[in-house]
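Whole structure, please, built from the sequences with the hints as guidance.
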Amino acid sequence: MQKIYPNAEAALEGLLFDGMTIAAGGFGLCGIPERLIDAIQASGVKDLTIASNNAGIDNEGLGKLLRTRQVKKMISSYVGENKEFERQFLAKELEVEFCPQGTLAERMRAGGAGIPGFYTKTGVGTQVAEGKEVKQFDGEDYILERGIRADLSIVKGWKADESGNLLFRKTARNFNLPAATCGKTCIAEVEEIVPVGSLDPDCIHLPSIYVNRLILGAPYDKKIEFRTVREREAA
Amino acid sequence: MATVTETKGWTRNEMAARAAKELRDGFYVNLGIGIPTLVANHVPAGMTVTLQSENGMLGIGPFPYDDGVDPDLINAGKQTISQLPQTSYFDSAQSFAMIRGGHIDLAVLGGMEVSEKGDLANWMVPGKMIKGMGGAMDLVAGVKKIIVVMEHVSKDGSPKFIPECTLPLTGRNVIDMIITDLAVFQRPDHSSPFKLIELAPGVTREEVRQKTTAHYAE
Numbered sequence: 001m002q003k004i005y006p007n008a009e010a011a012l013e014g015l016l017f018d019g020m021t022i023a024a025g026g027f028g029l030c031g032i033p034e035r036l037i038d039a040i041q042a043s044g045v046k047d048l049t050i051a052s053n054n055a056g057i058d059n060e061g062l063g064k065l066l067r068t069r070q071v072k073k074m075i076s077s078y079v080g081e082n083k084e085f086e087r088q089f090l091a092k093e094l095e096v097e098f099c100p101q102g103t104l105a106e107r108m109r110a111g112g113a114g115i116p117g118f119y120t121k122t123g124v125g126t127q128v129a130e131g132k133e134v135k136q137f138d139g140e141d142y143i144l145e146r147g148i149r150a151d152l153s154i155v156k157g158w159k160a161d162e163s164g165n166l167l168f169r170k171t172a173r174n175f176n177l178p179a180a181t182c183g184k185t186c187i188a189e190v191e192e193i194v195p196v197g198s199l200d201p202d203c204i205h206l207p208s209i210y211v212n213r214l215i216l217g218a219p220y221d222k223k224i225e226f227r228t229v230r231e232r233e234a235a
Numbered sequence: 001m002a003t004v005t006e007t008k009g010w011t012r013n014e015m016a017a018r019a020a021k022e023l024r025d026g027f028y029v030n031l032g033i034g035i036p037t038l039v040a041n042h043v044p045a046g047m048t049v050t051l052q053s054e055n056g057m058l059g060i061g062p063f064p065y066d067d068g069v070d071p072d073l074i075n076a077g078k079q080t081i082s083q084l085p086q087t088s089y090f091d092s093a094q095s096f097a098m099i100r101g102g103h104i105d106l107a108v109l110g111g112m113e114v115s116e117k118g119d120l121a122n123w124m125v126p127g128k129m130i131k132g133m134g135g136a137m138d139l140v141a142g143v144k145k146i147i148v149v150m151e152h153v154s155k156d157g158s159p160k161f162i163p164e165c166t167l168p169l170t171g172r173n174v175i176d177m178i179i180t181d182l183a184v185f186q187r188p189d190h191s192s193p194f195k196l197i198e199l200a201p202g203v204t205r206e207e208v209r210q211k212t213t214a215h216y217a218e
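Going down the list, the protein sequences come from chains A and B.
For the first sequence, this note's numbering gives the first residue as 1, with consecutive numbering after it.
For the second sequence, this note's numbering gives the first residue as 1, with consecutive numbering after it.
Hints were generated in silico from the structure; no laboratory data involved.
Values in this document were obtained by computation on a predicted structure and should not be read as measured data.
Heads up, a few of these hints could be off.
[What the hints assert, rightly or not] FRET-style restraints, in silico, Cβ to Cβ:
1) B/41 x A/198: 40 to 46 Å
2) B/126 x A/6: 46 to 52 Å
3) B/8 x A/72: 48 to 54 Å
4) B/188 x A/203: 43 to 49 Å
Quick reminder that beta carbons are idealized off the backbone N, C-alpha and C, glycines included.
Next comes the structure, spelled out in structure tokens:
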């Protein structure tokens with residue numbers, strides 16, 4: 001069973017269709033599956049529903065798919081810093097389901113874990129609760145949220161072994177892990193692919209069972225949204 | 001004629017310093033974007049406070065030096081940061097499990113409006129661009145103690161601590177303490193009213209009363 005594909009276009013072969021749901025990893029521009037987003041843009045697939053914490057920024061990340069009008073609906077917790085998004089949203093060309101960040105992560109985790117719904121205190125008494133079942137546990141209100149099952153997951157890892165075991169790096173793990181588990185098919189792009197046996201089995205972040213297809217995406221030109229530094233103290 | 005410089009109320013930095021007085025040794029703390037981020041600069045010497053970043057990190061270090069910037073290492077405000085020897089990284093589901101599960105001791109957040117019943121509104125203004133709630137709804141639902149740090153009145157002078165929020169809520173009956181540039185309000189539990197417990201330098205009870213429409217104890 002060969003999971004490694006030569007590039008993003010090849011890895012997406014046979015998986016894309018109009019109106020599909022895609023779960024994407026990343027937080028802001030940190031840990032986003034850049035190669036797969038580019039290939040999805042090039043494919044021209046449209047009417048996408050995308051579950052992703054953010055929607056990229058203008059012409060970066062998922063912002064690229066917004067620019068080409070390939071997205072019908074976003075399920076996100078925060079969509080600031082994106083003018084094209086704002087324009088489409090205000091013109092009602094783009095549907096947005098705002099989902100609290102933790103609820104979105106848990107919806108992906110639950111979907112991947114075979115849990116169709118769960119009760120959470122997050123959003124009780126707010127707009128988020130509208131139309132959702134409310135149930136009391138131990139005298140407190142909770143709302144029912146649905147797990148997300150996507151047609152496809154696209155994630156970005158740091159290192160993979162040839163079997164698809166994955167490691168992430170620092171805060172680039174974020175939504176990549178829960179997103180990877182909730183798709184019928186998951187494609188991971190990574191910076192390095194190493195032979196099996198090279199990674200410590202005790203330290204795998206995402207076991208290979210969740211990764212169906214794998215590509216080497218390097219070299220990456222990782223973008224920084226807000227570069228903040230401090231002055232070096234005088235010696 | 002000499003001009004008298006008015007030193008009334010707290011600056012943004014002083015509000016953050018006041019919030020830092022609520023830190024305790026061993027606390028795990030989540031700081032929101034804006035004034036709350038400044039709280040990190042006021043952790044008392046000798047006290048261990050671990051900062052959580054909801055994008056998947058415990059143990060936030062200071063901003064990096066210019067040659068230490070790492071695109072894979074950012075905080076929830078998407079600013080580059082650094083790690084500490086005790087830092088751990090995890091995914092977003094794990095991050096919010098610790099938030100929702102009541103494992104975080106304290107969160108300091110910004111606010112647009114707080115009601116006298118402890119409701120918070122801080123995520124959207126209808127009719128304007130909505131950016132989204134991010135992790136704020138999860139934080140107010142799950143963290144043990146919630147402090148809101150905000151200006152006492154909005155730019156047009158209207159009170160922000162009010163009887164009922166007019167903006168869409170982030171959470172209902174979730175706030176424990178309010179720190180403004182003029183005063184501090186606190187309540188011991190979620191069924192008690194807020195009480196004015198502290199005035200900023202040069203601020204009178206009358207002024208606070210005049211700029212607050214919420215009911216509170218004195």
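Looking at the structure, which of the earlier hints fail to hold?
Hints that this structure does not satisfy do not exist here, as all of them hold.
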